[in-house]
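K.L.:
Take a look at the letters that make up each chain.
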Amino acid sequence: MPRQREYRPGSAEDFDRLYEATYSRLLGTLIAVLRDRAAAEDCVQEAYLRAYQAWSRWQPDAPVEAWLHRIAINVAISHRRRERLREAGEVIRRLGLPAEPDPTEAATPELLRELRALPAKQAAALVLRYVHGYSNREIGHALGVPERTVASRLAAARSRLQSRLGWMRPAGTWVPGGVPSDK
Amino acid sequence: MTGGDRAGEFERWLDRELGRAVATGLGAGERPVRPAYLDAARGKTGPLAGVLAGLGVKGAAAIGAAALALAGGGAALATGSPNPLAWGQQAVQAVVARQHVAPTAVPGAGAGGPATGRPQPEPSARHASDAPDGAAGAHPGKAKSHDAPRETVPAADATSVPPGRSGAAPGHQRDPSPTS
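Heads up: the sequence lines are chains A and B, in that order. Numbered by our numbering, the letters in the first sequence go through residues 312 to 494 in order. Numbered by our numbering, the letters in the second sequence go through residues 103 to 282 in order.
Worth flagging that the hints you see were computed from the coordinates, not collected in a lab. Cβ coordinates follow ideal geometry from the N, Cα and C atoms, glycine included. A couple of the hints might just be wrong.
[Stated by the list, open to error] Computed list of chain B residues with no C-beta within reach of chain A, every gap over 12 Å:
hint, residue
1, Gln191
2, Gln195
3, Ala199
[Said to hold, decoys possible] Partial list, computed: chain B residues near chain A (C-beta under 8 Å):
hint, residue
4, Asp117
5, Leu120
6, Ala123
7, Gly127
[Unchecked claim] Under 8 Å between C-beta atoms, here's a sample of chain B residues computed to sit facing chain A:
hint, residue
8, Phe112
9, Val124
10, Thr126
Pulled out of the complex, with its shape left as it was, chain A reads as follows (with noise of 0.2 Å):
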């Protein structure tokens, strides 16, 4: 994470540094919540517009980077509400045909869809942890809870993306999604 205090906020120099050096981390945190990269990348620039709105008001005694991801992770909870709506919406209009497969779903990887069908802030909490490094602290900051809370939150996610991934071990390996292991 960016060391908070080379930002000044309210700083449009600044700011432009930090898009630069936070850019592939907020947006790989949301391809990890969102459906696909298309959606991800549009509520990354949205919440970065939220935050240059914001900037001016940011206070520096909060993880600028988790302050960043907050605004990231609302604009993609909006977004899924809106795509569950659409959703619902299509499946009215089929009226009971068959939904057509999305061709971009096969390509992905199996752990990268299990994870999108977590609650965002699950999903976000262990992107933030696993692929960010994120501390406590930085990802109570990220989701809006009391750091006490996080270790909880992240434990109920990385259960229910065990369960979800169907992993076993029956034979001293783990399983994912039920396919026997080679090794």
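Following the hints, position chain B against chain A.
P.N.:
Frame of chain A; chain B shown alone:
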């Protein structure tokens, strides 16, 4: 194998595989050359929008207050009194004075009275005393139907408008504040 071991092993696996999965989803995508926040916050809305955004809510409120103060200052200049209560009184006096100049402008008194927010009886009573038969003050609506040459009325009303306008100016001055 215990549940704790299993969870620990899953966590290690997650630590290893999640970064890879996200990197796969991320691909080799390039960063947008021009971020959307630059267009929306600086470019399309002009340089003033950036300044106003920087001012925030308090700044916008201060600008609105300054606009109201300016409008109030204009009204004070027009009426010669800094007291807002006196502005309405000045407006009433101006209307009444005009009615004295053009006594046939009876309906104007009826229209001007309520607009100033002042009680009707005072100007009506005065006018009634000026009218030859007193009927004009008592029945302005009827008087309106009897008096044919009403062309003088709009002119009289128009000249009596400035104090009223200066009193209404703060309302108009509020218009720019939402854009800030």
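K.L.:
Could you check the structure against the hints above and give me the numbers of any it violates, in ascending order?
P.N.:
none
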